[in-house]
Structures are given as structure tokens and as C-alpha cells.
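We have chain A; now place chain B onto it with these hints.
The chain contents come next:
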Amino acid sequence: MAQAFVQLDRLNKSYGPVSAVTDVSLELAKGESLTLLGPSGCGKTTTLRMVAGLEKPDAGAIRFDGKPVVSIADRINLPPEKRNIGMVFQSYAIWPHMTVAQNVAFPLRVRRVDAATIRERVRAALTMIGLGGLEDRPATRLSGGQQQRVALARALIHEPALLLLDEPLSNLDVKLREQMRVELKLLQARLGLTLIYVTHDQSEALSLSDRIAVLNRGRIEQIGTPRSLYEAPATPFVRDFLGKSVTLPGRVKSLAAGRAAVELVGDGNAVIECAVPPGLDLGADHEVEVSLRPEAIHLANGQSSALQGVVEAVLYQGERSECEVKIGASALCVYLPSGISAAPGDKIALAIEPNAARLWAKPGGAA
Amino acid sequence: MASTAPALQQQPGRAIDPQYAVFLVVLGIVGLFVLYPVLVILVDSFVVGPIGGARDWGLDGWRAAFTDPTMLRAVQNTAKVLLANESITLPSAVLLAWLLARTDLPLRGTFEFAFWITFFLPSLSVTLGWIVLLGPQNGLLNQIALALPFIGKAPFDIYSFWGIVWAHISTSSLAIKVMLLTPLFRNLDAAFEEAARCSGAGRWMTLTRIVIPAVAPGILTVLVLSLIRAMQTFEIEMVLGPPFNFWVFGTKIYVLVAQVPPEFASATALAVIGFVIITPLIALHRWLATRTDYTSITGRERSQPTPLGRWRWPIFCFIALLTLTITVLPVTFLVAASFMKLFGFFNIASPWTAAHWGAVLNDDFFSHSLMNTLMLAAGTALGAIVLCSLAAYFAVRSSYRGRNLLDFLSWLPFAIPGILLGVGLLYVFLGNPLLKLLYGSVALMILAMVIAGMTLGTQILKTTILQLGAALEEAARTCGASWWYGFRHIIVPILMPTLVLVGVINFIAASRDIASIALLSSNTSKTLSLLQLDYMVDGRWEDAAVVSVVVMLVTTGAAFLARLCGIRLGVRD
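Same order as they appear, the protein sequences are chains A and B. Heads up, the first sequence is in my numbering, so the first residue is 1 and it goes up one at a time. Heads up, the second sequence is in my numbering, so the first residue is 1 and it goes up one at a time.
So here's chain A without its partners, still in its complex pose (with noise of 0.2 Å):
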């Protein structure tokens, strides 16, 4: 097994009373992107930080391919000058007294490199993100996405062991953010990027990186594939935090072979078939909870097995309406395709796909 390239061992870190990273650790092969999700406070930006340099842990270390940039044990703590990242901040810290170019030449003449180098490298860098020309236009006279990709044109060109960014699309519009989306991933495939991403955005998130440490409360939640995170959540928080979900209270009707049938409250003839997930001690009449993605949701085309509802809510989309459909004392939200229409207080008959919903143990009390 290769070593990490990046590794992040029982980080701590608190502000007075409050503590804002609790025992974060992971790992980053060379060439990896990590994102770092989580609600605003969850100390995704802080551990961030403490990679960076910027922060110094109460407690942990972290280690660039095997050696130490910060251990507290040891007494060793590397200003972020000396660690040979590169990062780009949420407000993306352009300076306003130098020009585009000389803000992008900054990590070059720190390093002492030589002007004619500086500029050649300069304008590769510009021309690669796609502001070729711009070299002397002064740094205030940009727009949102133009600051954005100078600040990440340098946080590269001194070619960094590791890239951080923090929160680098929120202050952009929505159709600027989805392109710089695809320009990011296009750039960190093509370059091989070691990069550590942070941001609230799931669906940033789980198109960008390779791995997601979604962090709640200073702790890591769950670390894995977005594929897994979003399709087998290992707890609540993660389970609401990535894509729509509904959760349903029900009640276990029967048992067998490691499948359970549960009968939704409030609605008896309402019955909803899923695996009984490992580690979960369940029998009969146990009261639970039932997770369902909405894509998962279809209108029933006559089965038997289908749940009946009467739609209290439309929210027109575009390419789909958002449906609000009360079954029992229960509330789904199902997606209806562009071509079906549905108003409030139809009768309307749902089928939910096999293996898609996930059992939970009721929170707060045994199952």
C-alpha cells in the first residue's frame, strides 16, 4: 500500500471554550481531490486552514508525504510559506495595487525566479485559464469569475505539492460556478492536482472530488466516494446533508430473510419493502424510520403494490415539477416528469423502486 501522500492525524483545534475540530484524520493519495463538506461551522474551513498553515492545531499532525509540516508532539510547525502549497481563498484575495500579471507572478519572485522565466511561465498560466492578454490590466478592474481564475492561475504556477480551496465558487453566480465547475475538474485531471476542496455545496462536492469527509460538529461523519456517501449513508446527518431525502415513520410489520415490510404510520395499507441494514436489531412492531431518495419515487402504473396519496403541493421546475404528496400522516416529495401535470388535491398512486429505501433506527429511542 502506497503512503499517503497527505496525511491528517487527530487534528484538534478549539477557540476558547468552543471546540471547533474534534480528532479530524484522513489521507490523501498523490493526485487525489478530498472534499471537505459540511454546514457553515463544522470546522471544515479550520481544518483547512491548519493544513495550510494558517491555523496551528491544539493537537495532531499533519504530514506531506511522510514528513511532518506541523506535529505538536514534536514541537514542529511549519509557517505556510515553508510548506509549498498553493491555495485559493473564498474572497479570493486578489491584491488591488498590482496588476493581473504581477499578482500571478507573486509565488515566482518570492521564489527568486528570474524575469524572463516569470514572464513566459506567467502568460502559460494565464493563457491556460483562459485570460490570455489580460497581464496588465489592474487587478481591480475584474470581474467576480475573472479574479477567480487569477487566483487560482496563483495558487499554481508555482506548481504546489497541494492545492487548497477554500470555498472557491460561493461567490459566483450559478451559471458561472457550474462552468468554473467543469474548468476545475478538467484542470485537475490534466495537471494531477492533490487538491483539498471546502464547501457547503453538496452537489460541488460530489462532482469534483474523488472522495467526500463530510464534517459535522467538528467531527468527520463519513469519508467515501460521493457514489457511497450518497447511496449508503452511514448515518442521519450524512443521509440529509447529501441530495433530497424524505424520512418516514413506520412500523415493522414483518420479518424475513434479512428484509423487512413497513407499514407507514398513520396509513395502514401503506407498506414499504427494504433491506434490514447490518447491525440493526429489529422485530416485529419495532418502531423506524424510512429514508427515500426522491429520484426513486414514481408514479405507479397500475401495480398492486402501490401507495396512495393526494398531492398538497406543486413546484414547477422546468424540466420537472416538484411534487409535495401526502400519504397518511406522512409527506413525500416526488418528482414528476416535464410532461406530466399535477394540481392540489389530486389522487395520485406512487410506486417506489426495489432496493431504494434504507431502514433506519428511530432516533432517541430503541428500536
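Hints are not guaranteed to be accurate.
[As the list claims (entries may be wrong)] Under 10 Å between C-beta atoms, here's a sample of chain B residues computed to sit facing chain A:
(1) Asp17
(2) Gln137
(3) Leu140
(4) Ile144
(5) His489
No wet-lab data here; the hints were simulated from the structure. Note that this is a predicted model, so its numbers are computed, not measured. Virtual Cβ for every residue (Gly too), placed ideally from N, Cα, C.
Coordinates of chain B only, in the frame set by chain A:
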């Protein structure tokens, strides 16, 4: 790719951080030259006996401070001047600042600059101008009034309580509030006003119910600042007070120190009382300032100015008249007086002469003093830029232990009456064999002025650094720049306009200062402002007027030069 990347270097974590070293140097300098004088003052208040003679511990100074009725009256007088002054200038300044920042008042940028000029004018010069106009016997306005048939006796007397209050209003007390409040109103998010207007509130209601309450914390901050400053007032009372035996805190301390034999114990005891009053005010100000920095101010929004409608031109005329009255009028008559045979006597035959100008300008002493002034001012400007930028930076950005101490120390000079700072530094220098060599030199005076001006400069820079955000320099660090490299290539260039502004303010302050340097100068290091005071004490009013005009030219010249160089003295385009 890894082949081109330099190897990650290992570095022992215990090596002394250069940033921390600079921090310690700054803290050390400020501690030595701020805290030490203060301690000297404190200790000295418990010492009796003349300097150089037999000295012993004793409470005579404190006894005098609490029992001598003239001391008590001096504190009362300070409070009375303050109350009268503030109750006039604060409401006026709030209204003026709003008019300059948020309305379509014609020439509002020019007016704002006019208030800056007012602030930069040496108060001694302006006071001299007012003596010409409002002197009880020969004051020109009195002469004019007496010429009217229905007025029997001279209506104005500058040598009075209200004369002193008026001199304060006309020199800096109104101007500084307008200067500080105008940006506050300007930075207020326009959406607040627009939301009020959309909710159906009229202009006046929007102003009084929304805008003023929104900037109220800022207004309070400015008021507290004025209270602190009030303990420092000196020159105006020094010129206008003694003729009617009116003493305030600052002048009382001055006479106690300057009289023969000096009463240091009483003076320092009085100063300690001043500290006790001021320290909680500083704490309050700091608390207010940290609370207000980000609550109401978002900065970005630019709104349409509120139209004043039919009030536009009447208000314009009123403000034009006001700025002309408080600035142009006294300055004009000061200049006129410098060309008079007899200061203020307009009714003698052929009153005009250039003789005083000729005499003063040809005096070697004058040219020497001019050189000293320029050296002092330039040195102070440079010193203040270096010290204030580092102090402000560390106060805002660092997390070192001692950071709060540095921040507090940067406030202390504001609370020390200049004359006492001078006394304190005198002790520090005379007590150290190396520093003693500097006694009487311009270098020592530069140090005193840098310390005296430290608070304002540091505060201005702190605000700017706070607004910059940390990411700009963090980006430099992650690009591979050391802290010092980043400070020089990122922070300093971005701060440059503010640094120049701090330099200009300190240049001006030093070129007109009297209180802080009066005790530190020798005959060879005398400045123009001290020369001017000497002339006034000697009764050479005409020569004093000439020097006064020159000091004024130096200060306003610096202000105009700065504006020409594109430095925003409060005015934004």
C-alpha cells in the same frame, strides 16, 4: 510535477519567529516611552522637594490637589467649557456630517475639505485672529458695533468663558467631529434609508428615526473621544484664560510646572486625577469602537443622495457662511494683523507696514526655527508611519500575548496632557546616561511627537487594516512569502494612501505643537510654534502674528500638497 517542487524543508519549531521579534521591539519601544513616563508621573506625585534638591516621599502634592480651591476650580472650569462646547458642536456636527455625506448639498466635497483645513489650522493662530476681531478694546467687531448708534458698550470679549468656547468651536472641536462623522454617515448602508423611505417615512423622519439611530454608536464614540480630548486643551486657555484668571486642567498643570519654583508634586497629582477620569473613558471608547466597526457599516452600497429640495440653497448659504466665519474670517484678520504697525489697531493713521515681516524673516533665529520645524515635522511623520503601522498591524492581526497591552498603550498618549508627556519623557531621558545626550535635540522632540500622535495614527490604520481582511496577506504566505516579505510587498503598498495620510496628520501636528515639546526644546532646537509663543509672552504681538502666519502656511501647505497628491483628506470621489 513533484520534481519541480522544492523539497519541503524541515525547520525547528522553536526558532524565534521574526514577526514575534518585531512585535517585541515595538512593544518595548512603546512601553518605554509611554508607560515609563506615566509611571514617573505617578511616582512623582508622591514626592516633595525640588528637582535636583533634597527630595522625599510625601503627600503634599495630593493634599494640594484636593484642598487648593484653584485646582478644584480648574477641574470645574474644564467641565464647564466641555459641556458648553459639546452641547453646541455635537448636534451641529451630526447634522453637518449628514448634509455632507448623504444629501445633494452643492459643493459638499469642498466643504468637507474646508473642515479638514479648519482642523489643521494651528489653534493659536486662529485664536490670535479672533483677538484681532473680538478683543474687548480694539477688537474690530467691537469697534464696528460701537459705531452703531444704539450700542453703548463693547458687546464682545474674547477673554471670557464664551470667548474660550467660541475659540474651541472655531478651531478644532466642530471640525474634528464633522471629519469623523461624515465617513460614518457615508458608509451607512443606503438600503436602511431606502427601506425607510419605502415604508412611507419622509426625509426628516428617515434622518431622525433611522439614520441617526443607526450611526448612534458611532456618534457616541466620537463624543467619548471629545471628552478624552477635553482634558488636553491647552493653547486656547493659555492665551485667553489668564487675563480673567480662568484656568483649566491643562493650563493649571502647565503653570504648576512652569512657575518658579515648579510644583511637580501638585502637577503630577492633578495629572493622576486626570488619568483616573480618562482611563474608564478610554475603555468605554474601545468597547464602543469594537462594537460599531461592523454593525452598521457595509461600505459597498452607494445611494442616490437625498434631495434637499427647496432647502438646498438656503442650507448651502448657511454652511458657506459658517465655514467662512470659523476659518476664513480669523485667518484673514490674522494675516492683516501681521502687516500692522500695532497689532489690532485699525484706527491709527496709516496702520499698515511690512516691517515686521522684514524683521522676522531676516532674523537668523527665525530661519533656524523654520528649519527645526521642518525637521521635527518630517521626522515625526516618518516615525509615526513606522510605529503606527506596526502597532496597528499587531493590534489587529496578531494573537500574541501582550497584543492587548500594546493596543491599550497606543491609547494612553491620548490621555496624557502634552505638557506632562514632555515632563515624563524629560525624566526618562535625564535618568539615562545614553539618552541624556539627546536632551534638547530635535530627535528627542520627534520622539515626543511620535508618541503624542500615536493614538490617532494607530486608530486610523487599525480601521483600514480591519477592512482589508486577513486573506490578502494569508494569500501571500501560501504563495511562499515570509511574513516580513508579505508585510512589505502586500500590506504596506495597499496601506500606502492611509500611511501618507497618517504622515501628513503627524507632520501638521508636529509643526504646530507647543505643549508636548515646550519643555524638551533648547534654544538651538526651538520651533516656530514655540517662537510664536515666546513672542506672545514678550508682548511682541505683531511678530507673533507673522510667525503664526508662517506656521499656518506650513500646516495648510502640507494639507494641500497631500490633496494634490491625491490623498483623500476625508473626501472621496
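Hints versus structure:
1. Asp17: 8 Å, holds
2. Gln137: 58 Å, violated
3. Leu140: This hint is violated: B:Leu140 lies away from chain A, its Cβ roughly 52 Å from the closest one there, beyond 10 Å.
4. Ile144: Since the shortest Cβ distance to chain A is 55 Å, the answer is violated.
5. His489: 8 Å, holds
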